[in-house]
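Colleague: In case you want the letters, here they are:
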Amino acid sequence: RKEVEQDPGPFNVPEGATVAFNCTYSNSASQSFFWYRQDCRKEPKLLMSVYSSGNEDGRFTAQLNRASQYISLLIRDSKLSDSATYLCVVNMIGGGSYIPTFGRGTSLIVHP
Amino acid sequence: DTGVSQDPRHKITKRGQNVTFRCDPISEHNRLYWYRQTLGQGPEFLTYFQNEAQLEKSRLLSDRFSAERPKGSFSTLEIQRTEQGDSAMYLCASSPIPGDLHPGKTQYFGPGTRLLVL
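In order, the protein sequence lines correspond to chains A and B. At position 58 of the first sequence the residue is numbered 58 (the numbering used here), and the sequence of numbers has no breaks. At position 53 of the second sequence the residue is numbered 1053 (the numbering used here), and the sequence of numbers has no breaks.
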């Protein structure tokens, strides 16, 4: 089992749709969770951190469920510009350090 | 531009050659990370530095891979005796030291070095 798992998609949705991605992680001792966005042939960029209480940034909402060991990202009112790959990142303990561990990413395509 | 820079952006080499990549982090960032990314996968952690100290290197892919950050500023990643399987994008990221002991506060990525081993 991979340490951080994501459905690679692609998720193909029309403009204005609401779409949700999940990410599961294997190590219950994990600390710090993030969603990054990566455009085609570009570097990843932080989208938002994920807090235990859940957090919202405009059209984006992130949730953490420690008991079930998953995090989620909800995008409301999808825009064409939201088309990208969304990477889940979990800091996992390994070898005495916390190691940023990325999922393989979920591809989102928003069409007119 | 005060972002993370990487050099070269592209590298083509023949199998068996050594290659070295450079990363210049954001100047006030103490932490520097190296990742490898292959097509259809997320970045795979290789190693990281806090200032000049290499705090985690167990994830380097083999003993052909090594990294340095001698003065706590720029870093280099070297791959010796390259193999075709080393072809990938090599990403560098930097971040400030967080308020707690955990890494993973915002990482700023460079544009990457794309390596092709023939």
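These are calculated hints, taken from the structure and not from any lab test. All figures in this text were calculated on a predicted structure; none of them were measured in a lab. Hints should not be assumed to be uniformly reliable.
[Stated by the list, open to error] Calculated pairs, DSS-like style, for lysine-lysine (alpha carbon to alpha carbon, straight line, at most 30 Å):
hint	chain 1	residue 1	chain 2	residue 2
1	B	1057	A	79
2	A	2	B	1057
3	B	1014	A	79
4	A	45	A	2
5	B	1071	A	42
6	A	45	B	1057
7	B	1057	B	1011
8	A	2	A	42
9	B	1057	B	1014
10	B	1011	A	45
11	B	1014	A	42
12	B	1057	B	1071
13	B	1011	B	1071
14	B	1071	A	45
15	A	42	A	79
16	A	45	A	79
Colleague: Does each hint hold? Answer for all of them.
Modeller: Evaluation of the provided hints:
no.: 1; hint: B:1057 with A:79; result: 40 Å, violated
no.: 2; hint: A:2 with B:1057; result: 20 Å, holds
no.: 3; hint: B:1014 with A:79; result: 43 Å, violated
no.: 4; hint: A:45 with A:2; result: 23 Å, holds
no.: 5; hint: B:1071 with A:42; result: 28 Å, holds
no.: 6; hint: A:45 with B:1057; result: 24 Å, holds
no.: 7; hint: B:1057 with B:1011; result: 24 Å, holds
no.: 8; hint: A:2 with A:42; result: 24 Å, holds
no.: 9; hint: B:1057 with B:1014; result: 26 Å, holds
no.: 10; hint: B:1011 with A:45; result: 23 Å, holds
no.: 11; hint: B:1014 with A:42; result: 25 Å, holds
no.: 12; hint: B:1057 with B:1071; result: 18 Å, holds
no.: 13; hint: B:1011 with B:1071; result: 25 Å, holds
no.: 14; hint: B:1071 with A:45; result: 27 Å, holds
no.: 15; hint: A:42 with A:79; result: 19 Å, holds
no.: 16; hint: A:45 with A:79; result: 18 Å, holds
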